[in-house]
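Those protein sequences? They're chains E and L, same order as listed. Last residue of the first sequence: 110 in this note's numbering, with the numbers rising by one and none dropped. Last residue of the second sequence: 118 in this note's numbering, with the numbers rising by one and none dropped.
Simulated from the structure, these hints should not be mistaken for laboratory data. Idealized CB from N, CA, C, for every residue including glycine. Treat the hints loosely; a few may be bogus.
Derived CB-CB ranges, DEER-like [stated by the list, open to error]:
(1) E:K69 x L:G16: 46 to 56 Å
(2) L:K66 x E:H57: 40 to 50 Å
(3) E:H57 x L:K14: 48 to 58 Å
Once the Cα atoms are required to be at most 20 Å apart in a straight line, the calculated SDA-like pairs of lysine to any residue come out as [to be verified]:
(4) E:K97 x L:E63
(5) E:K107 x E:L46
(6) L:K66 x L:S116
(7) L:K106 x E:E92
(8) L:K41 x E:L11
(9) L:K55 x L:N70
(10) E:K70 x E:Q9
(11) L:K106 x E:G59
(12) L:K64 x L:F91
(13) L:K41 x E:I13
(14) L:K66 x L:P8
(15) L:K41 x L:S116
(16) L:K106 x E:L11
(17) L:K41 x E:A10
(18) L:K41 x E:L61
(19) E:K97 x L:Y58
(20) L:K41 x E:D7
(21) L:K41 x E:R105
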Amino acid sequence: SQQGEEDPQALSIQEGENATMNCSYKTSINNLQWYRQNSGRGLVHLILIRSNEREKHSGRLRVTLDTSKKSSSLLITASRAADTASYFCATESGTYKYIFGTGTRLKVLA
Amino acid sequence: GAVVSQHPSRVICKSGTSVKIECRSLDFQATTMFWYRQFPKQSLMLMATSNEGSKATYEQGVEKDKFLINHASLTLSTLTVTSAHPEDSSFYICSARDRRQGRGEKLFFGSGTQLSVL
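Take the sequences, apply the hints, and build the full model.
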């Protein structure tokens, strides 16, 4: 399977803490994206990082990409209860197909 | 932002019947639409890629006669689960690429369809 792996599978933190989740993938990529999914809903695009970029910020989100290790991390700072969701990385390798990682279920406790 | 409408959001059907799920891009033209299947607490598994005006490309292991995909226009793709069986019960999600410049890399998702086959 070409599916990426994410860890941890589940993460539970207190409101105000930072949450870090990691994604590893198997093939060379054009870009890597992070998506969020609330339970029973579709996915919402969070941030995109291209293969020639190493770090990107968007609000409370910080994404890093290490193409030599085929890995990426998503950091959510100052987490809120509303951040509770599943987070998926997705990679695109030039075929216009998006391969999703296994996901991290984040729970932020108020 | 781009909006993708998917319906129905939930459908319960009897074994042996067919179910059609619609995916519409409301404010943009979608060059490509993707259909995914998701089991509880698991990731999205790509089923097929749907291109307007041409046949869908199915992923390995996905039965094309079972999951019929039609992409008749730049704003509508449909997935029909034919002769549904309980093992077809799942969450099905569509997504679309926006052909407008600078937006083609992001995927915009429908809200999903929970299919339950009795």
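Determine which of the earlier numbered hints do not hold for this structure and return their numbers in increasing order. 16 and 18
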